[in-house]
Amino acid sequence: MMTTSTRGATGTTAEPALLVLEDGRTFRGRAYGAVGETFGEAVFSTGMTGYQETLTDPSYHRQVVVMTAPHVGNTGVNDEDPESARIWVAGYVVRDPARTPSNWRATRTLDQELRDQGVVGISGVDTRALTRHLRERGAMRVGIFSGGACADGEEKLLARVREAPAMKGADLAGEVATRQAYVVPAVGEKRFTVAAVDLGIKGMTPQRMAERGAEVHVLPATATAEDLYAVAPDGVFFSNGPGDPATAEHPVALMREVLDRGTPLFGICFGNQILGRALGFGTFKLKYGHRGINQPVQDRTTGKVEVTAHNHGFAVDAPLDRVTETPYGRAEVSHVCLNDGVVEGLQLLDRPVFSVQYHPEAAAGPHDAAYLFDRFVKLMEDQRA
Amino acid sequence: MPKRTDIQSVLVIGSGPIVIGQAAEFDYSGTQACRVLKAEGLRVILVNSNPATIMTDPEIADATYVEPITPDFVEKIIAKERPDALLPTLGGQTALNTAISLHEAGTLDAHGVELIGANVDAINKGEDRDRFKEVVEAVRGKIGHGESARSYICHSMDDVLSGVEELGGYPVVVRPSFTMGGAGSGFAHDEEELRRIAGQGLTLSPTTEVLLEESILGWKEYELELMRDHNDNVVVVCSIENFDPMGVHTGDSITVAPAMTLTDREYQILRDIGIAVIREVGVDTGGCNIQFAVNPADGRIVVIEMNPRVSRSSALASKATGFPIAKIAAKLAVGYTLDEIPNDITEETPASFEPTLDYVVVKAPRFAFEKFPAADSRLTTTMKSVGEAMAIGRNFTEALNKALRSLEKKDSQFDFATPVAELGDKAELLVEAERPTDGRINTVMAAIRAGATAQEVFDATKIDPWFIDQLFLVKETADEIAAAPELSPAMFAEAKRHGFSDAQIAAVRSLREDVVREVRHALGIRPVYKTVDTCAAEFAARTPYFYSSYDEESEVAPREKPAVIILGSGPNRIGQGIEFDYSCVHASFALGDAGYETVMVNCNPETVSTDYDTSDRLYFEPLTLEDVLEVVHAEQQAGPVAGVLVQLGGQTPLGLAQALKDNGVPIVGTSPEAIELAEERGAFGRVLTEAGLPAPKYGTAFSFEQAKGIAAEINYPVMVRPSYVLGGRGMEIVYDEASLESYLERHAGLIEQHPVLIDRFLDDAIEIDVDALYDGHELYLGGVMEHIEEAGIHSGDSACALPPITLGGYDIKRLRASTEAIARGVGVRGLINIQFAMAGDILYVLEANPRASRTVPFTSKATAVPLAKAAARVSLGATLAELRAEGLLPAEGDGGDLPLDAPISVKEAVMPWSRFRDVQGRGVDTVLGPEMRSTGEVMGIDSVFGTAYAKSQAAAYGALPGKGRAFVSVANRDKRSLIFPARELVAMGFELLATSGTAEVLKRNGINATVVRKQSQGTGPAGEPTIVQLIHDGEVDLIVNTPYGTGGRLDGYDIRTAAVARAVPCLTTVQALAAAVQGIDAMARDEVSVRSLQEHARHLVASRRS
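Chains A and B supply the protein sequences, listed in that same order. 365 is the number that this note's numbering gives to position 365 of the first sequence; each next residue is one higher, with no gaps. 275 is the number that this note's numbering gives to position 275 of the second sequence; each next residue is one higher, with no gaps.
Everything labelled a hint here was simulated from the structure, so no lab data went into it. The reader is advised that the hints may include incorrect statements.
Not close to chain B: a few residues of chain A, all C-beta gaps over 12 Å, as computed [what the hints assert, rightly or not]:
| hint | residue |
| --- | --- |
| 1 | 98 |
| 2 | 101 |
| 3 | 151 |
| 4 | 293 |
| 5 | 320 |
| 6 | 329 |
| 7 | 330 |
Quick list of simulated restraints, FRET-style, between CB atoms [what the hints assert, rightly or not]:
| hint | chain 1 | residue 1 | chain 2 | residue 2 | range |
| --- | --- | --- | --- | --- | --- |
| 8 | A | 104 | B | 666 | 47 to 57 Å |
| 9 | A | 253 | B | 489 | 52 to 62 Å |
| 10 | B | 439 | A | 104 | 48 to 58 Å |
| 11 | B | 560 | A | 147 | 45 to 55 Å |
| 12 | B | 140 | A | 108 | 48 to 58 Å |
| 13 | B | 138 | A | 349 | 44 to 54 Å |
Small disclaimer: the values here were computed from a predicted structure and weren't measured. Every residue, glycine too, gets a C-beta built ideally from N, C-alpha and C.
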């Protein structure tokens, strides 16, 4: 049994902290994790489990994540669950951090982990009020200040929040993606080779492909078509990642080359937006995005509903009611979010190409959409045959 | 795929009377389902024998049968109504079992009725232990996760010993095969115990076989609520984690939603297993719950069981998440898919999602062991709690403290006032905490205060370390409250953040609660109200379902219409059950119709009142003065408040009336002063004297000497009770001075604090209950109920008939005059319930309650008049004349002058005997007395008394036998009244068995009875069995056993407990026998038909007109 601080979950012993939104609303709380200051885009995530996966998801790069679930850190931190080698969130906002984690896999506390990785957080704030604010006003820039960083008056702090870069127009994939290509070996017999373009890939994604017999070559975001085809891929994958797809010129161009060649292609999240742009659709920023693990998505071919993990602030603008002619043949919206009708998946009818906006690798989140990896495998099999 | 078009009518089966394990949650579920089906344009036919339910309100279904839920009666209803489909998944185990019986008997096929909601195979797979094991095995094969507890079959002691090694050591569970009711099973912690239990088990088992099963005691326990549609969409509505580890029935555990101590990986495995199980079992248009045990050391998962229907947990999950499981189950059953059903709360998003919570829900069980002093209070896998409270907070500590105070029971809250030195020894407290009992969490807290470490608490209890740390957090907060130099904003912020009440803060600081509150208010520290919205604020909520929290932002919206705040009745308990919720719900409906904004405050998750659909606003809050004052304040900020309605929720809100008024809160209806007038004995005596009404003689004693004098003056037998309690607690009838002395000895310590009340006990009197409305000018006699048992048995436990079966016009006139005099004298504006006793020709007033009584729903249904609705309107100023003109009350006449051909309704109480065992494992006695112990009630309605009574018995205990052996053994004073009914029994073909004394009396009256041996005589020389053995052997079909007057009311204990064990009808009064004989006679002539309440009402209205 591990115990961290000796006092309340609000951490009365912790230093005061201040959260400042770019529209001037502030919330007072206590320092959580590292003491200091941080800036980013304030977004809320509604998952009740999976904070470790969320924190280490590269798509959260430069975002300050507000957890709507009040208790965070209950199961501590282990070495198996992270989705990448580090915590990517720019800041962390929680209501009631755990003092004593409880789980047979836990090796340390979340508080300690945040401090070790220098992630500035704040606890004890009315996260529901903050979430409602973001829902009504939309995602916006935010700063968290604790310890000495609080000393400046609110006005000064607000000015600094407003100086921070906005998410719209941000090109971030290069910042989070691997610099070096690496290989995730197939589990069991190798049946396929997949070239995966890392735009901020989560660890579970190549794992899901590897479990299905794919050897996955994870390539940097800067990879060229030659780099991709150098591994002789049976299929190409475009990963999730942070930032505005409108800035993703290189990945869009790269994808078009793959489309030209007719290689089986699968995209997730950012990869879905890249496909959208490559096909000629627009992308746009959602008011406050989808971030959670309870989102109902309908597979329009079967009519079935899957409960899925989401983390996206942008979406593809494609018509739901008809097939669209594109330079690569007919395209249609394959999946849609039942909450708000947002496009959640695209597929080409004449080429082995599809993508989804959400996270079938599901870490964290439900496993309902795991069949999409089977679909990718099937495309590669069919292509080969 | 939208609604099926091939179903036009549906039969819904309810769950019958409230019993332990099957309570108001099924009224909540059933009511939702019926409303949904009706809204879908289907003809809804309902059967439920429980009149105290909203679902049996005539407007909820198209045809409402208040008839016994037995295959026979349901078949009659099917034959008459010809429904297209039967929906059995909303009425608990009762409905499911009845549906399966009807299926097996071929009744459903014969009438072309389709079972919807769950198919027979799915029900069997879910319910049958062995088949469910196969399901779990199949799931493991498919997804690689989930298993049943490992077991090992043994035929010899060698097998047994090697089996233990196979299972990985002690402890193990030993279950002998094929023994009745699991006899001979137990836990073995070492070889010695194993040899003893398994040795015995091998002998007991007819196949010399015992099953060794690994013990999962102390593992973490979880539950998932799932729903699946016919398109194979599955959602997990809610996860629930038990605070108490495995070994305590989940109904008796403190439970928490959502699960608090699972990583996403582990949670998703539970989810995967859950989905695979619901698919494998084949529930394809409805819901189920699945229980899991998780080994805290390595995460191994054992699937314990599943229920292929809505359940207590699903009701809790619905309230905890805002996702109405029963409503959606009903829609799925008639063909919709989850994505076609909108989420009520957001209105914009579909039901095919999984709710996410930004708060914590804690449910705490309410027990009634004080009512059953002989019962073993250890918590086991058999459910023993009678009710529950739920609380919502923004964190666990806040929700936990709110839940504990919602229990509204002395000592249910954490005690930080008792000095540590007086708590007892740490080691002893830890030993005590090992044993799960009612209030173990308080023992754990005491141990923590006494210096126990988290590790020590874990070692003793196996409660998850995270929860233990939360208890430390509460304790540290209490220390901080104590240490604060003054009542500062910082201190309040911490205390309130962790759910401390003003009363708890006051106790810690040795202040008065009102002083603490005044300071807090002066500092501007008040709770905010957040919304339960299914989606953690991702979407705007349209449904004002609130809970309080000490946080920053409140979500209560302003309103314009005047609000009436209705206080509910809190957790179900014996004496205050679903009947009061019924009245609150009716008030909400009536006041909503009359143009008020209705605001409900309650903390009972089982009820209809806490359905977010019932009132305009719902506050899921404890019913304490502090919590209610804050709700009133919040609503006063939001708009005009017409007042608070306290008289419908039973004793709980009534007890708050005066204090609310003292705090400036407007109370509508009967004033707190008038309530006090009726409750305070002396004042009430003056009301009676002024009205010229007699009450039985009584006195108040502070010593045995005084008591002796008073009793002698009044004459024995007398009824004695402590003066400070209601509901019959500690009440006893004593027949002589010796027993009076023994009573006072047993309740020693009582006299110093509170006097003892001594009342004349009216032996042989007829007890009468009256429900009436009074508006200040006019009286409306709602109904007059004649008790079947004689005075001295708590009115809640005795059967009664309405209209009264032996009272004449003159008696009713006197009752009416007396009721009016009391209502006027007390100053009632709304409902009043009065208990009278008719002894000889004198009408005594026993007690008056200026509030909705337990019998209001029964009276309303028996007379087809919505009394609670009328009462709510009267409370807000409407006159009876206005309500008559409106049509809410009949234009003329009332419940006191029902036409001669009005149907007769009989209410029967349902007792929880079979749930309890004493520490030796024997049953508890079943004799009725002045202390109420029933958990629920049923109603039988028919055109004649005999049939109505027979129906009530069939509904409560199973059908009365039409032939067979009847055993009679009655007290001397009852022997005279036995003769006629005994003769009737013989005439109807019964063989009579009797103990020698009773047999002798019968023989002298020309009635033959076979003499059987008493238990005390033991088995005869030629092996003649005793009566108890005969009962156990299933040789007896009906038992009549009245307890002896003086001395041992315990005589017959073994007979009555055997009757309970074998479920043989057991009548404990001669009055009940006389009624039963009429019933058996009516049944024998096969005159029993079924008739809906709507038909009864039409008949009554027509009959009144003619």
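Q: Kindly indicate which numbered hints from before are broken by the structure, ordering the numbers from low to high.
A: Hints 1, 2, 4, 10, 12, 13 not satisfied by this model.
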